[in-house]
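Trainee: The hints should help you fit chain A onto chain H, whose structure is shown.
Taken in order, these protein sequences are the chains called H and A. Numbering-wise, my numbering puts 990 at position 475 of the first sequence, and it's gapless, one number per residue. Numbering-wise, my numbering puts 15 at position 11 of the second sequence, and it's gapless, one number per residue.
These are computed hints drawn from the structure, not numbers from a lab. We treat Cβ as the ideally placed atom computed from N, Cα and C, and that holds for glycine. Keep in mind that the hints are not guaranteed to be accurate.
[What the hints assert, rightly or not] As a list, the in silico EDC-like pairs of lysine to aspartate or glutamate whose alpha-carbon atoms are at most 16 Å apart:
id, chain 1, residue 1, chain 2, residue 2
1, H, 1090, A, 349
2, H, 1081, A, 349
3, H, 1065, A, 222
4, H, 1085, A, 349
5, H, 1081, A, 304
6, A, 197, H, 1066
[To be verified] Label pairs and their computed distance ranges (CB to CB):
id, chain 1, residue 1, chain 2, residue 2, range
7, H, 879, A, 92, 46 to 52 Å
8, A, 301, H, 1035, 40 to 46 Å
9, H, 1090, A, 357, 49 to 55 Å
10, H, 981, A, 382, 17 to 23 Å
11, A, 92, H, 1007, 42 to 48 Å
12, A, 200, H, 1024, 42 to 48 Å
13, H, 955, A, 209, 24 to 30 Å
14, H, 879, A, 336, 31 to 37 Å
15, H, 1090, A, 200, 19 to 25 Å
16, H, 1066, A, 382, 18 to 24 Å
17, A, 33, H, 1090, 46 to 52 Å
18, A, 24, H, 1020, 53 to 59 Å
19, H, 1090, A, 6, 33 to 39 Å
20, H, 1023, A, 229, 41 to 47 Å
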Amino acid sequence: MNTVNIRNFSIIAHIDHGKSTLADRLLEYTGTLTAREMEDQVLDQMELERERGITIKAQSVQLNYKARDGQTYMLNLIDTPGHVDFTYEVSRSLAACEGALLVVDAAQGIEAQTMANVYLALEHDLEIIPVINKIDLPSADPERVKQEIEDVIGLDTSDAVLASAKTGIGIEEILEAIVRKIPSPKGDNDAPLRALIFDSHFDSYKGVIVYVRVVDGCIKPGMKIKMMATEKIFEVNEVGVFRPYLVGVDELGPGQVGFFAASIKNVKDSRVGDTVTDGERPVREPLPGYRKVTPMVFCGLYPVESSDYDNLRDALEKLQLNDAALIFEPETSVALGFGFRCGFLGLLHMDVIQERLEREYNLALITTAPNVIYMVYKTDGEVCRIDNPSNLPTPQEIDHIDEPYVKATVIVPNDYVGSVMELSQEKRGEFKDMKYLDTSRVMLTYHLPLSEIIYDYFDRLKSSTRGYASLDYELIGYQASNLVKLDILLNGTPVDALSVIVHSERAQYRGRLLAEKLRGIIPRQMFEIPIQAAIGNKVIARETVRAMRKDVLAKCYGGDITRKRKLLEKQKEGKKRMKQVGNVEVPQEAFMAILKMD
Amino acid sequence: MKLGVYIHIPFCRRKCLYCDFPSSAEDDPFIYESYITALCREIAGRGGILSDCTVDSVYIGGGTPTILSGEQLTTLVNCLKHYCHIERDAEFTVEANPDTVSSDKLAVLRFLGVNRLSIGVQSFDDGVLKAAGRVHSAAAAVEAVTVAKSCGFDHISIDLMYGLPMQSQDSFQADLIAAAKLSIGHISVYGLKVEAGTPFAAMLASENLVLPVEDEEDAMYQMATTFFPEQGYRRYEISNYACPGCECRHNLKYWRYQPYLGLGAAAHSFWQGERFSNTSDYREYIRLLEQRKLPVVQREVPDAMTAMAEYAFLALRTAEGLDYGAFKERFGVDFTARYGAVIAEMTAKGALATENGRIYLTATGMKYGNLVFAAFLPD
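Chain H on its own, in the form it takes in the complex (with noise of 0.2 Å):
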């Protein structure tokens, strides 16, 4: 197909706002899919996607349409994630698009992440469509909605389409809108190959299935490409579209987007953001590729049967291979044994991955209370980055700590001005900045400690103001702050794993909280259990699990032995998820329990 009749587009849109209806209304209109092949929300393959309503890995699917001036035209949709976690997901989306719909919800407004996305497609120079959804509401009011986009975004909203998903008005306005405003790839079909991956998966038959946006020449199966990053090369047996279930065809052309397998056994030779050439006839210059990602959140994985380490860090290598955020390394805890230090992009992301693990790869695991990474200045000079609290230099050694903070953006409605304003205060914001959006929205700007919101801060947000702010935050560096570990002892040893770096005016408060929550968590054993939290050597709260009611089979009556020896296998059946640390058994939400202290 020639390039003029390829549209690559994507959609942004706020969690709630219809992006997932709209994908799947635009399948059925076009019919990529027929009504007995639709399933509810096709994108969100993930079944974990499914089941918190959200989209987490980019997906992608092919449609045709034919276009009012009679001609056809094939139309990439490669879907976003709409959390502020997966912005990287989106940047990858973005850059393999040349066109993106804008979707708001008409009753709503826009939302801080719906403002992030945009920019990040306005950087791409990419073409946005403004779409109004939920037309049908009767408290849409897209007139409000329109002007709200021209004053905070500044986008043009006179050609804005108005739309239900729900019911179906202003399918085919959109379609039509992708055909004439977004611009077709431009491409050189004779040029030597440039693909850009933009997303990958393993195939236990084929190997890795490589997800690619041919930008030069074309890719064919039989043909030699090469890898740039690692330089390896590989023959395509395959090569396919996304319709939405994988399709084979002859080849891929410029602009196009699709898959291909190459026999690849080893993930790591398929890295998202490499470019893709012909093995032949390589060119010399990679495409742009993507921003480097760091993980902003840590925190340590650990298997409950320490047999499990091997087939863990094969699932994280796995999950790596379309994941390029997630990092990990082996790491040792004197309380857990070994594990690995894995770091995400946000508290949802490392939620996803370990829900990905224990589902996926039916592992049990033990996840450690997440942190950032803390730069510590120390008295000999010597800066030091740390991303596990136990590793943290004593206080003598320590000159100052540094933590990262965040620019939060948060928008809400007026009347929650007070409490969003009350809440940051307390999560140690500094206020930068308050604007209205219209005569009852307002954006409210903060900096905030990073740890801050990976505590509680999105989910106080949230219950503070009944569910209407929405928050996105970025990076905007390190500031000095006065810092602490909160240790935990058990039984009088310092479990590792438990420890925490929290601002030292709020050490009393946490960690006497925190040892009230572990006495709940930790069942009573054979002996009484003391649990300390202490700062250094000092003591600062103390709490007692009791030692256990008395345990035994009275009677062996009669010689049942049997019968004695099945409920026995029952205890041991219950007592199976927990970790032995010294002599206590710690089950595994103790190791969270800072997360869940209000």
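Mentor: Then chain A, alone, in the frame of chain H:
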């Protein structure tokens, strides 16, 4: 080969409110006859095993075996003696409740060779007995022991319970003193456990049952474990105390992994590595034997790992514990090699101790026996 024989009599005058044993209050006088007939048929059917062995312990339990008439008991014991050789100095126990022991009946038992009587006393407090649904008084219990002694029983055991409704630390202390005053050789002490399906369970669910609180129950447990050893009774098993030489040899067979044959409804057997059990429905039991069928409804040959775990958790119930040499001899496996991790963990927690080639529960270990036992089970 030595063999222990257990015979179950599933009848009681009235079922106690906490009881989940296979027994029931049965009005039909003819059912006892039919049951004895069925038992005799089962004994005859087990002639093979019985004639291969010498029987060194017999235990007639229930229910309340002494609810049977002297004639019925005679028929049963004579039939057993016809099919097996009971050693001269075998231990021969019959369980009894205080309300069913007349001197006449005890004389019959003595004549039949019964030399040990296990009396269900439970408490010496009438209020506590009534609340538990026991049919006898405290005075009747003391009287039963006196009668048993006068009939020539040298080996008498009583059962006591703690954690019962209406029971206090003071009343339990009085129970302990009353028990010691009887000058008998053996005392079993059990904590009340409210089992599903019992009247107590229903009463607990409808909040009509008030039990001692955890701390009180715990104090009672501690009282028993310190009091009896002070009185010269050794705690030779988690729930059992005995003067030297008065340990129950039959029960020790269960804990020492020795063979036993169970006869009657709900009886369990362990023979040549196989565990099997009879139907617990005595009407079905009678019916099956009328049709000359074996009443066995469950059979299991534990695999090696399970057998080793069973051996461990049974042996560990006793004060002598588990002997490494005996274990190695039976299974060909080194105990410390197989269970090294469990031994280390439980020793660190203060639940197990090792001495002279044997391993045993400490006082803490006895209190939390289930946790230690469960750790030996295969994953």
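Trainee: Hints first: check each against the structure and report whether it holds.
Mentor: Here is what the structure says about each hint:
The straight-line distance between the Cα atoms of residue 1090 of chain H and residue 349 of chain A is roughly 15 Å, inside the 16 Å bound, and the hint therefore holds. Note on residue 1081 of chain H and residue 349 of chain A: the hinted pairing is violated, with a Cα-Cα distance of about 22 Å set against a maximum of 16 Å. For the given pair, residue 1065 of chain H sits about 7 Å from residue 222 of chain A by alpha-carbon distance, which is consistent with the 16 Å threshold. Restraint check for residue 1085 of chain H and residue 349 of chain A: the C-alpha separation of about 20 Å exceeds 16 Å, so the hint is violated.
At roughly 13 Å between alpha-carbon atoms, residue 1081 of chain H and residue 304 of chain A fall within 16 Å of each other, so this suggested pair holds. At most 16 Å may separate the alpha-carbon atoms for a hinted pair to count; residue 197 of chain A and residue 1066 of chain H meet this at roughly 11 Å. Between residue 879 of chain H and residue 92 of chain A, the C-beta spacing of about 59 Å breaks the proposed range 46 to 52 Å. Residue 301 of chain A and residue 1035 of chain H have their C-beta atoms about 45 Å apart, which keeps the hinted 40 to 46 Å range intact.
Here the CB-CB span from residue 1090 of chain H to residue 357 of chain A is close to 23 Å, at odds with the stated 49 to 55 Å. One distance hint, 17 to 23 Å for the beta-carbon pair residue 981 of chain H and residue 382 of chain A, is violated here, with the actual separation near 53 Å. At about 59 Å, the CB distance of residue 92 of chain A to residue 1007 of chain H disagrees with the hint of 42 to 48 Å. Separated by about 45 Å at the C-beta atoms, residue 200 of chain A and residue 1024 of chain H satisfy the suggested range of 42 to 48 Å.
Taken as a hint, the range 24 to 30 Å is violated for the pair residue 955 of chain H and residue 209 of chain A, whose Cβ atoms sit roughly 55 Å apart. Between residue 879 of chain H and residue 336 of chain A the beta carbons are some 34 Å apart, a value that agrees with the proposed interval 31 to 37 Å. In this structure, residue 1090 of chain H and residue 200 of chain A meet the distance hint of 19 to 25 Å, their C-beta atoms being roughly 21 Å apart. At roughly 21 Å, the beta carbons of residue 1066 of chain H and residue 382 of chain A sit within the given window of 18 to 24 Å.
Taking 46 to 52 Å as the suggested C-beta distance range, the pair residue 33 of chain A and residue 1090 of chain H conforms, at roughly 50 Å. At roughly 58 Å, the beta-carbon separation of residue 24 of chain A and residue 1020 of chain H lies within the given 53 to 59 Å, and the hint holds. Distance hint check for residue 1090 of chain H and residue 6 of chain A: the Cβ-Cβ separation is about 38 Å, which falls inside the suggested range of 33 to 39 Å. Roughly 43 Å separates the CB atoms of residue 1023 of chain H and residue 229 of chain A, a value that falls within the hinted 41 to 47 Å.
The structure is inconsistent with the numbered hints 2, 4, 7, 9, 10, 11, 13, although it conforms to all the rest.
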